[in-house]
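Colleague: Residues per chain are reported as follows:
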Amino acid sequence: MKVWKYDDNINTDMLFPGKYTYTCSTAEEIRPHLLEDLDPDFAKQAQAGDIVMAGDNFGCGSSREQPTVGLKAVGIKAVVARSFARIFYRSAINQGLILVECPEAVDAYSDGDAVDVDPEGGVITVAGKEFRFPKLPPQIIAIRDAGGLLAYVRKELARKGAR
Amino acid sequence: MGETFAQKLLALKSGKKSVDVSEIVTVRPDHLLTHDNTAAIISKIGDELGTYGVADTDIPVIVIDHVVPASNEKTATNHKKIREFVSKFGVKHFYDAGEGICHQVLIAEGHALPGSLIVGSDSHTCTYGAVGAFATGIDRTEAASILLTGQTWLKVPQSMKIELTGRLAGAASAKDLILTIIGDISASGANYLSVEFHGDTASLSMEDRMTIANMGVEMGAKNAVFPVDDVTEEFFEQAGVGKTWKSVWADEDASYIRTLSYDLDKIVPTIAKPHSVDNCVPVTELVGLKVDQCFIGTCTNGRLGDLRTAAAILKGRKVHKDTRLLILPASREIMLEALKEGILQTLIESGGIVLPPGCGPCLGAHQGALAPGEKCLSTANRNFKGRMGCVDAEIYLASPATVAASAIEGSVVDPGKVVDR
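Sequence order for the protein chains is A and B. For what it's worth, the working numbering labels the leading residue of the first sequence as 26, then goes sequentially. For what it's worth, the working numbering labels the leading residue of the second sequence as 11, then goes sequentially.
Source of the hints: derived by calculation from the structure; they are not laboratory data.
Derived, one-sided and incomplete: chain B residues facing chain A with beta-carbon distance under 10 Å:
no., residue
1, S155
2, S196
3, K395
BS3-like, lysine-lysine: derived pairs with alpha carbons at most 27 Å apart:
no., chain 1, residue 1, chain 2, residue 2
4, B, K98, A, K185
5, A, K69, B, K395
6, A, K102, B, K54
In this text, a Cβ means the ideal position worked out from N, Cα and C, and glycines have one as well.
So that you can see chain A by itself, here it is in the shape it has in the complex (with noise of 0.2 Å):
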């Protein structure tokens, strides 16, 4: 488990150039291009159940899903950050993406240090620290353990059958 740390404000184009938004749509065609001008390596190298830790207001800027959607497909355990920009945070529920805003862990967190996320139970561990998260309202958590959004609305529609 590799943790990949960043910066206050990382925007939407540092997560995906804007460049590739009306051609890279699907899972594989974003991957190659996740991160691609904040951290070349990222691309190439995160695994599944890796985290990514930043500071203030990650994923600021467009609306563009590329950035959850990638980083769902990559595998990210959680993101982890002091805040998130709306947009950014509302997407990410509908990739069911984990997103865990804490400052406290973030500013506990130094390199190397080991991280482990529950978000059942609300809590973040760095170093062997425990740190407490709000947990997202149950009908938030719901959409999100459906498997995203559209996940979600597909069952709904087929249990209200078909109009």
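With the hints as your guide, set chain B onto chain A.
Modeller: What follows is chain B alone, placed relative to chain A:
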């Protein structure tokens, strides 16, 4: 305790008498904006569209604007898929390539109305706050969900109040005001908040309000909204949009988590330096900085008043040989007006390159890209690293007056020296 704009509007749209801050409500948006990304949106739900169709064909408004005309086979195919979708499902509101940038079109065509709720798979959907709408950005997946269900959830945000006094003076513009605010409170200063503008808003034209609301997201706002007044009514009257709306506004005693005050008379021409929108300084600090490209346009500053300002400065002058000037009107209607007024002739004679209405250069998606080491002075809303297609280029954000004046010298000029408002 009174209610904020966000509380009142979201209560109305969720069919409740009142809502509390932080409450999660299910709402039926008046409209859903999607653009070139409609192609990717519908490809997520091909099967479901076949089974369930579009929930309400009056809700989607689709504008092809991000890569227009198509740049290659892939983007052309996207456009084709969108046209086929519109035709097959009978989507009522569709604007093909060339009509303009979505945010201009939705307001000019009367889709974004006072008291309406609009969500869009574009972060600058917040522009519609200019006309008193609650408007906010969502991702493609959520847009797909709304096509199928006609509804979504929203959390009722806390609100910030920005109290304006006085009147913009000299070469200062709405762009300089919003850059100043973002510079003061930072790119996350309004995160998750509904931002309400109060006070002396009457002197701000509809174009000014659109520029300001457009950049609400650059300080993290969920929406940024102006009160509906005579300026709004006159705007829709001239646009030929009937008065079918009912406006919504905050109570006098509503509760805000933060209140800011700005004296419009004190605003000066401002520039946001690379690579974040809150990295703002007065233009006077950068005078003489050489720029390789000057760009006037986008959903922030591509309106008739912006082009008029640029033409007044450039009339009888030439763009400096060491820079290039791109002009991008925000819509066909604006382009046509600019043509009739002789604005385009002036700008072309001065050496400007006129581009078709669209979004391409702003996000590095189409035309106007930068080379490594180049600097662009732009009227757009974002100066993120790599934004205009090159990670080793720099973008500076400013008003149309600043960009036009600087194009003549090939370097940053204080528009206060050339503009007499």
